[in-house]
Amino acid sequence: MNASREQEFRLSAERGDTPLLPSERVWGFWGFAYANSALAVATWVFLIGGATALFVGPLQGISAIIIGNIIGVILAASSTCLPCGKYGVEQFTFLRSMFGINGSRLVYILSVVVLTMGWLAVLGLMCGRALDNLETLVQQQPPAADDWLVPAGALLAIVLAALVAMRGPDMIRRLSAVIAPSLILIMLALMYFISQRFSLSELLAMPPLQPPFADQRINYMIAVEINIAAGFSWWPYIGNLSRLCSNQRTAFWPNLVGVFGAASLGEIVSLFAASTLGSSDPTAWMRLAGGVGFGVVALSFLALANLTGMVNILYTAVIGLRQLAGERLRSVRWGVLIALFCVIPIGIVLCFPGIYDGFFIFLVWTSALNSALAGIGIADYFFLRQQRLNLRHLYAAQADSPLRFCKGFNPIALLALVAGFAIYVVVFNPQTLANTTFFTFATASLPSCLLAGLVHYVLTRVLATRLGWGSYPAGNERNIEAAGLSAKD
Amino acid sequence: MNSQVDEARAQDLERRIRAYEELERRAHWPGALSARDVVALSLLTLVMVAGAYLLGGQP
Numbered sequence: 013m014n015a016s017r018e019q020e021f022r023l024s025a026e027r028g029d030t031p032l033l034p035s036e037r038v039w040g041f042w043g044f045a046y047a048n049s050a051l052a053v054a055t056w057v058f059l060i061g062g063a064t065a066l067f068v069g070p071l072q073g074i075s076a077i078i079i080g081n082i083i084g085v086i087l088a089a090s091s092t093c094l095p096c097g098k099y100g101v102e103q104f105t106f107l108r109s110m111f112g113i114n115g116s117r118l119v120y121i122l123s124v125v126v127l128t129m130g131w132l133a134v135l136g137l138m139c140g141r142a143l144d145n146l147e148t149l150v151q152q153q154p155p156a157a158d159d160w161l162v163p164a165g166a167l168l169a170i171v172l173a174a175l176v177a178m179r180g181p182d183m184i185r186r187l188s189a190v191i192a193p194s195l196i197l198i199m200l201a202l203m204y205f206i207s208q209r210f211s212l213s214e215l216l217a218m219p220p221l222q223p224p225f226a227d228q229r230i231n232y233m234i235a236v237e238i239n240i241a242a243g244f245s246w247w248p249y250i251g252n253l254s255r256l257c258s259n260q261r262t263a264f265w266p267n268l269v270g271v272f273g274a275a276s277l278g279e280i281v282s283l284f285a286a287s288t289l290g291s292s293d294p295t296a297w298m299r300l301a302g303g304v305g306f307g308v309v310a311l312s313f314l315a316l317a318n319l320t321g322m323v324n325i326l327y328t329a330v331i332g333l334r335q336l337a338g339e340r341l342r343s344v345r346w347g348v349l350i351a352l353f354c355v356i357p358i359g360i361v362l363c364f365p366g367i368y369d370g371f372f373i374f375l376v377w378t379s380a381l382n383s384a385l386a387g388i389g390i391a392d393y394f395f396l397r398q399q400r401l402n403l404r405h406l407y408a409a410q411a412d413s414p415l416r417f418c419k420g421f422n423p424i425a426l427l428a429l430v431a432g433f434a435i436y437v438v439v440f441n442p443q444t445l446a447n448t449t450f451f452t453f454a455t456a457s458l459p460s461c462l463l464a465g466l467v468h469y470v471l472t473r474v475l476a477t478r479l480g481w482g483s484y485p486a487g488n489e490r491n492i493e494a495a496g497l498s499a500k501d
Numbered sequence: 600m601n602s603q604v605d606e607a608r609a610q611d612l613e614r615r616i617r618a619y620e621e622l623e624r625r626a627h628w629p630g631a632l633s634a635r636d637v638v639a640l641s642l643l644t645l646v647m648v649a650g651a652y653l654l655g656g657q658p
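Sequence order for the protein chains is Z and Y.
Residue numbering for the first sequence follows my numbering, beginning at 13 and increasing consecutively.
Residue numbering for the second sequence follows my numbering, beginning at 600 and increasing consecutively.
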């Protein structure tokens with residue numbers, strides 16, 4: 013094979029068309045830990061820390077951040093990074109093994125497209141708020157909540173993000189390289205200003221900003237749930253990063269440095285800032301914390317950081333959408349596709365600007381889905397397939413593959429997904445915060461993850477084998493032949 | 600021309616799948632998560648959750 017053809021195939025594997033070989037993977041432990049941390053330390057940590065401060069004070073908040081993030085990150089990483097890190101397969105190609113070829117497309121739309129559209133609107137509005145606070149700071153006027161600048165800034169941010177995403181990955185890489193270090197500097201500066209005003213004991217004794225319930229246990233558990241949702245929100249993304257790691261262990265452990273460790277630290281700083289400055293809105297902290305000079309610099313960086321985050325998620329989501337959607341969508345021009353993708357976020361900014369202040373509601377809704385997806389992934393990969401994937405089945409055309417299930421959808425996994433989602437909303441309604449007693453000691457994500465996994469496991473054992481779906485190994489078979497993995501002669 | 604390219608792609612996919620099938624046949628998969636990793640992860644999670652709960656989880 014000539015060198016250019018080899019290079020072409022390698023690029024194709026990097027994009028997710030084929031499995032990456034161990035020798036082609038670029039990240040070792042620290043490489044992935046750095047990339048992971050840079051992804052984690054973005055403006056969303058400000059929002060999550062600020063949302064936690066609404067429900068609990070700093071001491072309970074730190075507890076909720078650690079518990080929530082470690083649970084969410086470990087379950088999300090176990091269900092995605094371990095299989096993708098082992099076989100080098102693209103995450104939504106791997107999902108064919110449990111949802112079917114069309115089912116994995118549906119999951120992509122539900123988890124990535126919807127999530128990205130919501131985040132584009134939230135981050136766009138944060139940009140708008142940053143510009144509004146910048147104007148307030150420079151002109152030394154009291155802030156006006158109904159300012160036209162917020163939606164205008166949000167729309168401008170979405171349009172700019174779309175224009176940058178249309179330019180391709182080089183510009184994105186250059187922008188991203190400066191953002192994580194800048195945000196760490198902003199966090200350090202925030203901590204400095206806070207420590208100048210409050211002692212540690214004063215800081216830890218701060219009350220929550222707007223606790224909705226008189227019962228502190230419920231407020232605490234909502235804070236834990238928000239942070240579990242934050243951990244689970246990596247589910248759609250980390251599998252595809254982990255496939256670039258040299259092996260399975262390298263694909264797993266750095267998540268505890270980055271999306272757990274770095275994100276938790278950022279959220280704790282944000283929690284302190286929100287508690288001491290009396291607002292869950294990060295753009296207000298920058299205005300209030302350290303005077304005009306710091307405010308102007310920090311708000312400008314915050315706006316830029318949001319823009320970079322928006323470009324990153326927009327680009328990644330549209331790339332994946334093209335990959336999965338088939339020839340019809342691939343023939344649409346890249347710029348047109350990006351522009352079409354931005355229509356709904358623009359609609360959200362114009363019609364539901366409250367999504368920014370109620371950001372945690374949106375985040376927790378995503379957890380109702382992601383927790384069930386993680387449960388199904390764990391049940392399928394660890395317990396049903398016993399950590400062995402048949403790559404021939406994953407990459408076969410639908411007509412020839414045992415993973416065609418029922419017209420490309422696995423009804424069992426979809427039913428498990430609905431069951432997990434339903435139990436979540438019954439235990440804890442993200443919209444109204446209505447909850448059951450069960451929620452105060454079990455959270456909503458854990459029952460959802462467990463039930464979805466259990467439904468998937470039991471129904472697959474009972475029905476899938478009889479119907480010939482999915483080529484699952486029988487109960488105790490662990491050998492290669494049972495998984496149909498022997499090489500063709 | 601297209602069929603040649605498709606054939607080359609299919610061969611490349613076959614090569615990659617075979618590489619993993621070879622790995623699958625070995626007794627030990629290089630860099631796989633071991634029982635020691637699972638124990639370490641369980642202990643870490645337990646310490647983090649219990650420690651954080653004792654720190655601030657009791658209203």
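Read the hints as simulated data drawn from the structure, not as lab findings.
Just so you know, not all the hints are guaranteed correct.
[Claimed, not checked] To be clear about the criterion: a stretch of chain Z counts as covered by chain Y if any three or more of its residues have a C-beta under 8 Å from a C-beta of chain Y, and this derived list gives those stretches:
(1) 403–414
(2) 437–451
[Said to hold, decoys possible] Some, not all, of what chain Z presents toward chain Y, calculated at C-beta under 10 Å:
(3) ARG17
(4) LEU33
(5) ILE74
For glycine and all other residues, C-beta sits at the position ideal for the given N, C-alpha and C.
Against the structure, the hints:
no., hint, verdict
1, 403–414, "holds (count 3)"
2, 437–451, "violated (count 0)"
3, ARG17, "7 Å, holds"
4, LEU33, "6 Å, holds"
5, ILE74, "6 Å, holds"
When the structure is compared with the earlier hints, a violation turns up for hint 2 alone.
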